[in-house]
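From first to last, the protein sequence lines are chains A and B. So the first sequence is numbered by full-length UniProt numbering: it starts at 1 and just counts up by one. So the second sequence is numbered by full-length UniProt numbering: it starts at 1 and just counts up by one.
The hints are simulated quantities; they were obtained by calculation from the structure and are not laboratory data. All figures in this text were calculated on a predicted structure; none of them were measured in a lab. Hints should not be assumed to be uniformly reliable.
The list cannot tell twin chains apart, which means a pair is met if one copy fits it or any two copies do.
Said to hold, decoys possible - Heads up, simulated EDC-like pairs for lysine to aspartate or glutamate below, C-alpha to C-alpha not over 20 angstroms straight-line:
#, residue 1, residue 2
1, Lys323, Asp32
2, Lys323, Asp219
3, Lys323, Asp95
There are 2 protein chains.
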Amino acid sequence: MSSPERDFVTAHTDDLHADLDAWLRIPSISADPAHAPDVAASAEWLAAALRRTGFPTVEIWPTPGAPAVYAEWPAEEPGAPVALVYGHHDVQPVDPLELWEHPPFEPTRVEGPDGPELHARGAIDDKGNVAFHLLGIRAHLAATGRTSPAVTVKLLVEGEEESGSPHFAALLQARAERLRCDVVVVSDTGMAAPDVPSVVTAMRGLADAEITLRGPAVDLHSGSFGGAVPNPLHAMATLLAGLHDAEGRVTLPGFYDRVRPLSDRERELMGRVPFDEAAWLAGPAASRATAGEAGFSTLERVGARPTAEVNGMWGGYTGPGHKTIVPAEAHAKITFRLVADQVPADLGDQVRAWVAANTPDGIEADVHVPAGGVAPCASDIDHPAMTALLSSVAQAFDTDADQVLITREGGSGPEADLAGVLGAPLLFLGAGLPTDRIHSPNERVLLPMLYRGAEAAAHLWRELARVPFAAR
Amino acid sequence: MSSPERDFVTAHTDDLHADLDAWLRIPSISADPAHAPDVAASAEWLAAALRRTGFPTVEIWPTPGAPAVYAEWPAEEPGAPVALVYGHHDVQPVDPLELWEHPPFEPTRVEGPDGPELHARGAIDDKGNVAFHLLGIRAHLAATGRTSPAVTVKLLVEGEEESGSPHFAALLQARAERLRCDVVVVSDTGMAAPDVPSVVTAMRGLADAEITLRGPAVDLHSGSFGGAVPNPLHAMATLLAGLHDAEGRVTLPGFYDRVRPLSDRERELMGRVPFDEAAWLAGPAASRATAGEAGFSTLERVGARPTAEVNGMWGGYTGPGHKTIVPAEAHAKITFRLVADQVPADLGDQVRAWVAANTPDGIEADVHVPAGGVAPCASDIDHPAMTALLSSVAQAFDTDADQVLITREGGSGPEADLAGVLGAPLLFLGAGLPTDRIHSPNERVLLPMLYRGAEAAAHLWRELARVPFAAR
Chain A
1 MSSPERDFVT
11 AHTDDLHADL
21 DAWLRIPSIS
31 ADPAHAPDVA
41 ASAEWLAAAL
51 RRTGFPTVEI
61 WPTPGAPAVY
71 AEWPAEEPGA
81 PVALVYGHHD
91 VQPVDPLELW
101 EHPPFEPTRV
111 EGPDGPELHA
121 RGAIDDKGNV
131 AFHLLGIRAH
141 LAATGRTSPA
151 VTVKLLVEGE
161 EESGSPHFAA
171 LLQARAERLR
181 CDVVVVSDTG
191 MAAPDVPSVV
201 TAMRGLADAE
211 ITLRGPAVDL
221 HSGSFGGAVP
231 NPLHAMATLL
241 AGLHDAEGRV
251 TLPGFYDRVR
261 PLSDRERELM
271 GRVPFDEAAW
281 LAGPAASRAT
291 AGEAGFSTLE
301 RVGARPTAEV
311 NGMWGGYTGP
321 GHKTIVPAEA
331 HAKITFRLVA
341 DQVPADLGDQ
351 VRAWVAANTP
361 DGIEADVHVP
371 AGGVAPCASD
381 IDHPAMTALL
391 SSVAQAFDTD
401 ADQVLITREG
411 GSGPEADLAG
421 VLGAPLLFLG
431 AGLPTDRIHS
441 PNERVLLPML
451 YRGAEAAAHL
461 WRELARVPFA
471 AR
Chain B
1 MSSPERDFVT
11 AHTDDLHADL
21 DAWLRIPSIS
31 ADPAHAPDVA
41 ASAEWLAAAL
51 RRTGFPTVEI
61 WPTPGAPAVY
71 AEWPAEEPGA
81 PVALVYGHHD
91 VQPVDPLELW
101 EHPPFEPTRV
111 EGPDGPELHA
121 RGAIDDKGNV
131 AFHLLGIRAH
141 LAATGRTSPA
151 VTVKLLVEGE
161 EESGSPHFAA
171 LLQARAERLR
181 CDVVVVSDTG
191 MAAPDVPSVV
201 TAMRGLADAE
211 ITLRGPAVDL
221 HSGSFGGAVP
231 NPLHAMATLL
241 AGLHDAEGRV
251 TLPGFYDRVR
261 PLSDRERELM
271 GRVPFDEAAW
281 LAGPAASRAT
291 AGEAGFSTLE
301 RVGARPTAEV
311 NGMWGGYTGP
321 GHKTIVPAEA
331 HAKITFRLVA
341 DQVPADLGDQ
351 VRAWVAANTP
361 DGIEADVHVP
371 AGGVAPCASD
381 IDHPAMTALL
391 SSVAQAFDTD
401 ADQVLITREG
411 GSGPEADLAG
421 VLGAPLLFLG
431 AGLPTDRIHS
441 PNERVLLPML
451 YRGAEAAAHL
461 WRELARVPFA
471 AR
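All chains, full assembly: derive it from the sequences and hints.
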């Protein structure tokens, strides 16, 4: 199914290669203060590229941390829908450097089994995902013969996503009027496999807790007191052993109360996503078995179900040899991944109630659940904007909209803030793959996926113009 | 009941004070290599003090670690019984230093509710217990008008007890001929309370294990893998939560098979030991409740029953904030206190079998149980030497021998080696109290207990001369 959009993209892939190559050479690592000038240079590069693409308004928005880039290209038609693209221009650190096959900031083309790949830090997360929009909007204009897009396209590309977006919510609130939109298009995710058109429909939220159990006032001689007073390490082991029941369900009271169940359609579409569990286990996981909540597939467990994971546990003597003590304290750190419509702020009471109900006599518990957390977010798969997205992706993959599968992203990001502050539905359009090694050495992007991303974006601006968004 | 022994002790307490004060100023911490010269100085000080006391033979015995002190004062009578006193001149580390009310190596006299106390590291464990023998043997000679003791008195005071006596068994074997004796008098324990004459009749043994559980090859992103692969911290919590059953019994297979039950007489004598559980909890334990094996009293739990104590547990992220990982590994250290007739060498198989039976799919376990350990030991409470000890303690407390209660020491030491290598029965004569905070900040000795220890020792040399030991 050729299309003017595809023809334009195919004829201009060199532009995409040149843009991405130049941008990826800027080591915009937001976590490392030494790279702050690079993050600033990355914002400047993007701003210049957006101006060159034709965006009439391009601004760099400072924050107390790294700068964000904002651009706007209004549709000529009064009342045309407004779409806001979200992405980020900062990248993860590169250590361990010795595991990279090519220098992380010298983009290197490699012929892979699924087509040409480009290896570099940020190749897909998230510079590749942002860069395809530069070509996509040009394809949209060329294919439709327009001089401005059929919907008003805004872009907000932040510089601190890999550092937890500490100033993003405040930026959204401060700039809410400028950012007003009918729909948010998040370009920071991917698809299930190279030949499998799919869209992400949700991201998980996050909350964390730290638990301290205290027994005796000081470490005690285990010969004099052991076996006769409560040991906080025993209490912590028992507490954490009970964090999940025999079915792998989290035992916090009320934990599942607000969980929006997967619809039959979602489960059916997720169930069709090809997934090689053995390869997944043997891959980056290097894990020996699956485990988790009974009644759910691995993809559902990591994407669509809330989880509780003990991330750290410590107490007593941890040096060489042995020390015969009943320790005074035990500690644990737990993070919870949340799904719509769980509320991070609920976790404080849930964790405290759970700890209180499971702390034995003679042990005092201290629970710290920081305010905040990350809210989960989900697309409404029945929204007409979702229909436009599915149609756009289907065209880029030469298939029908009902052949586009859905996946869920297990990680957490600032997307819920976008939906919450701006009051707009979320769509996810990304060109990444589970095999792209984001956050790891040898991150790469499959170039044909970027071309499809650009084409899907070109279709999307056309399709969204027909969506009857509610009046703002 | 005045006695010449008591009169002498009472007239010479200043000698004991002066000796102890000088010795306690030497920070003989065997665990810290930086203090090796102090441990050597401690041995030299004791050797000089023993010569000054009158021991005709005093030697410093080197070991591959810290030196031991040996002294011998033969009885004039051919065939007189031979008693070997055991103690140690090294002390525990002092951290956390900020919790000491007085500098740990500046002995400080404090008036307490039960009489004058001396605060210092080693005040009772074990310099106080050894020092009372310097005065005790003088009191014995003065009271009996002898120029040599009624039994041959040997002393062996080692320098590595607080480091697990790693070279002690070899020293005993190498010097077995010199150490030949009819009875061993261990002076490294204590009594039930200031006004309660009692003797220890057993010490527990010790074995230790370190367990590592491994899941994924590297720490994994909890958003991508959490809830779908086994978490070694969850597995460790579940494993350790099952170390004890609902009755507080250790669940290792075969753990109780060789345990010698308490006799009715022992339970009766132990049951008469006054024990203020609330005060015990409020004391050095500063613990909030008792806990332990069902069907046994607190004193039985800490003295007469075997236990398993998790001393340390660690894995994953333990720094500030949170880190969203499924960690690769979890670790735990466990020590087991053993009672007669358990065998430390049995624990390796028991721990391995228990871990193997409780490790979930996808987790690999590595169990390290060092060879060795410490054997438990027990006195024969019907031996005539025990009668002599009970009589001596009774006299020091102005009471009758059948009023002397028995207790059991929950800790572990090289005493089993003494009994095993030297083939002699064990007696325990010590002046410590459960409230002395040994191994903790503000260790102290109650000075009137030391005077009673000296008097009991003086009586003991006289009483033991009458015991018909079997021919060697």
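These are the hints, each one checked on the structure:
For a Cα distance limit of 20 angstroms, the shortest separation of Lys323 from Asp32 across copies, 14 angstroms, qualifies, whereas the shortest one inside one copy, 35 angstroms, does not. When the C-alpha separation of Lys323 and Asp219 is checked against a cutoff of 20 angstroms, the pair qualifies only within one copy, where the shortest distance is 10 angstroms, while the shortest distance between copies is 28 angstroms. Taking the closest pair of Cα atoms, Lys323 and Asp95 come within 20 angstroms of each other only across two copies (14 angstroms); inside a single copy the shortest separation is 31 angstroms, beyond that limit.
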